[in-house]
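Work out the full structure: start from the sequences and follow the hints.
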Amino acid sequence: MTLPPSSPTPATFHARPVALVTGGAVRIGRAISLRLAREGYDIALHVRRPGPAAEETAAAIRGAGGRAAIIVAELAEAGAVDGVVPAAAAALGPLTLLVNNASEFHPDSVEALDLGLWERHMAVNLRAPVQLARAFAAQLPDGAPGAIVNLIDQRVLKPTPAYFSYSVSKEALWSATRMLAQALAPRVRVNGVGPGPTLANGRQDGDAFARQSASVLLGRGPSPEEIADAVAYLARASSVTGQIIAVDGGQHLAWRTPDVEDD
1 MTLPPSSPTP ATFHARPVAL VTGGAVRIGR AISLRLAREG YDIALHVRRP GPAAEETAAA
61 IRGAGGRAAI IVAELAEAGA VDGVVPAAAA ALGPLTLLVN NASEFHPDSV EALDLGLWER
121 HMAVNLRAPV QLARAFAAQL PDGAPGAIVN LIDQRVLKPT PAYFSYSVSK EALWSATRML
181 AQALAPRVRV NGVGPGPTLA NGRQDGDAFA RQSASVLLGR GPSPEEIADA VAYLARASSV
241 TGQIIAVDGG QHLAWRTPDV EDD
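Note that our numbering has the sequence shown beginning at 1, numbered continuously upward.
Mixed in with the good hints, there may be bad ones.
[To be verified] Here are the simulated distance ranges between beta carbons: (1) Gly242 <-> Pro107: 24 to 34 Å; (2) Asp142 <-> Arg211: 50 to 60 Å; (3) Arg236 <-> Arg134: 14 to 24 Å; (4) Pro52 <-> Ser238: 11 to 21 Å; (5) Arg236 <-> Pro141: 14 to 24 Å; (6) Ala183 <-> Glu77: 16 to 26 Å; (7) Ala78 <-> Leu253: 30 to 40 Å.
Treat the hints as calculated values from the structure; they're not laboratory data.
Keep in mind the model is a prediction, meaning the values are calculated, not measured.
The C-beta atom is built at its ideal place from N, Cα and C for all residues, glycine as well.
Written out as structure tokens, the structure is:
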């Protein structure tokens, strides 16, 4: 399902590059969409379902001088994913940037593995980004360069078995990021951003999130806008591919374990 962009139509207006941001209407995705709009992009906002958040983000993009189209799709369904890039390109014109931001994040463990959660994590966090990357590369106009930025997680730099299905899906996406960088070069650059504690998840209250954020090396986690800054950098960094930037306050460098004591 595609909601119409503001005028002018893509047939009459191609001055601004076009980005597709999955999960682009809320939380970190909203910050990325608004930052890219300020960078000069028209934005195809993918959402799981239509609603006020999508409309408000689209209005903010238009207020920044860009066009916006809302693309509705359930990324857990492979058939629905196949329609996302064509719908975005039909609404706004050929895409030159893909940001795979949408993600599932649910707790499980090796001991209590939930196969339903495993399948959903793999579908949304791995299969969908790879499907979208393939479709994105295929629609690039002849001679046009493209960029893909995958939102991964700082934990891929320091693996743990916590949130097992989620963590495995993000480890796999990090591997896919590097393989896609190889497979799609030289026309398409593929990179990742590894956020640390940015916003409270649905299982944290304010105090729990504040403690987690304060525990990283720099004493605070990043803001959504800092994640968006990293995405904007990778979108234009023409000599960078196959890399991940951890925007996490140093969380991936945490080294204090029970056997290490303060001096």
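Against the structure, the hints:
Restraint check, Gly242 to Pro107: a C-beta distance of roughly 30 Å satisfies the suggested window 24 to 34 Å. For Asp142 and Arg211, the Cβ-Cβ distance of about 52 Å falls inside the hinted range of 50 to 60 Å, so the restraint holds. One distance hint, 14 to 24 Å for the beta-carbon pair Arg236 and Arg134, holds here, with the actual separation near 23 Å. Under the hint 11 to 21 Å, the C-beta atoms of Pro52 and Ser238, about 37 Å apart, miss the expected range.
Evaluation of the 14 to 24 Å hint for Arg236 and Pro141 yields a pass: the beta carbon distance comes to about 18 Å. With their beta carbons about 25 Å apart, Ala183 and Glu77 fall inside the hinted range of 16 to 26 Å. Evaluation of the 30 to 40 Å hint for Ala78 and Leu253 yields a pass: the beta carbon distance comes to about 37 Å.
When the structure is compared with the earlier hints, a violation turns up for hint 4 alone.
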